[in-house]
Amino acid sequence: MFAERYRSHHDAEAKLASILGLYAHSRSGTVNWEDVERPLYSAPPSGRRCIYIHIPYCDRICEFCNLNRTARGHTDLDAYTEYLIKEIEWYARYPYIRDGQFDAIYFGGGTPTILQTEQLSLVLRALRDSFHLSEDCEITLESTLHNLPAEKSARLQEEGVNRLSLGVQTFSSRGRSFLGRTGDAEYAIARLQAIRQLFSGVLGIDIIYSYFDQSLEEVAHDASLCSDFSIDGVSFYSLMIHDGSSLGQRIAKGEIPFGRSLEDDRQRHNHFYEDMHAGGYEMLELSKLVRPGRDEYRYIRIRYENGDVLPIGAGAGGQLAGYRIYSMAQGRRFASKIEPAYAQYHRVLGHLQFGCYDLTTLSEELGPDSYAPLRERMDYFVRNGMLVPETDDLYTLTTDGIFWGNNIAVDILKAAIDGTKEHH
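Sequential numbering of the sequence shown, starting at 1279, is according to our numbering.
Any given hint could be a false lead.
[What the hints assert, rightly or not] Calculated pairs, BS3-like style, for lysine-lysine (alpha carbon to alpha carbon, straight line, at most 25 Å):
{"#": "1", "residue 1": "K1293", "residue 2": "K1692"}
{"#": "2", "residue 1": "K1293", "residue 2": "K1615"}
{"#": "3", "residue 1": "K1615", "residue 2": "K1692"}
Simulated from the structure, these hints should not be mistaken for laboratory data.
Given the sequences, and given the hints that come with them, work out the whole structure.
Structure, rendered in structure tokens:
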């Protein structure tokens, strides 16, 4: 049906921007910071907001990673902690930021837990002192297993961290070796058990499928252990080979034989999803399964809603008052204006990540001219086993539909865009 698969929301975003002819405008066209400051001196609007804090350091670089991070080396983490606190205090000068409520905080990286507990505590206290956090603010920390002793997770919970996202990737010893993870399966299981015993907050893990020569038995084993440990949320991704990663370079040089078909990818995805579903998990969004009532993943929901995201830290990105904000290095940031058309369709793309397609809601968002082309595309995907009609205007994704979910979302948005153009 599709020649290639958009494996992530980021792939779908890039394709959507290209379709809209807004790629250059959505990633460049910088403006002066004075332009951004004008709305920041005004009162904040209603709506949910979140904070993203970037820690761009790791003690080792994962083979498959191409994110904005560097090996720690001789990095002064005390100095970086001080920088984060100063940036928090700097942003707190603006009423738009200071006077509104934040409902989620996400520490990403890199490896945020490369910072010591005391350093992270200082940053968390600065956030509470400078900003208005909701009483039930979701505070997430990404970590590897080897950077998070169980005692550290308990200490961080005392400081307000109530959600962990752990990069396990797989419980297969062979797979862990291929992906460059620290420790074998026994090590991963022991570390995860210890953290689960001492951390009572939401515990989520990342799982990668379709790595080199992965068997369906290994897929099933990963799903089984997720259930056994009562993991609250599982983000599962097909291994993406990035040009800038060590793994991508080794494959390109022929050092690692690696090949997979879309059918291989689909089988492994569906096997994992169906095993998890049978174990009581439900889909939150295209790449995330959760235990009902446990993992809300509020941070990603706010991002998909086009809510404000305050970016803090070198390498952080977010958006405020209709501007994208990028912190490329300490104390140096730039901004670009978000095109209204891109914002509108991006918000709809975010809605479609949750696998429930409400034709009435979508046409209200995209305009009445979009109703007919949206209906036609949805009926097409029903005939091809990707969508199931729940009511006359409500559709949900099948397992195959979830696998192709980003492609389907882009496809129906393109139909809506083309249909709207035909009527103008």
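Cross-check of the supplied hints:
no.	hint	in the structure
1	K1293 with K1692	10 Å, holds
2	K1293 with K1615	19 Å, holds
3	K1615 with K1692	23 Å, holds
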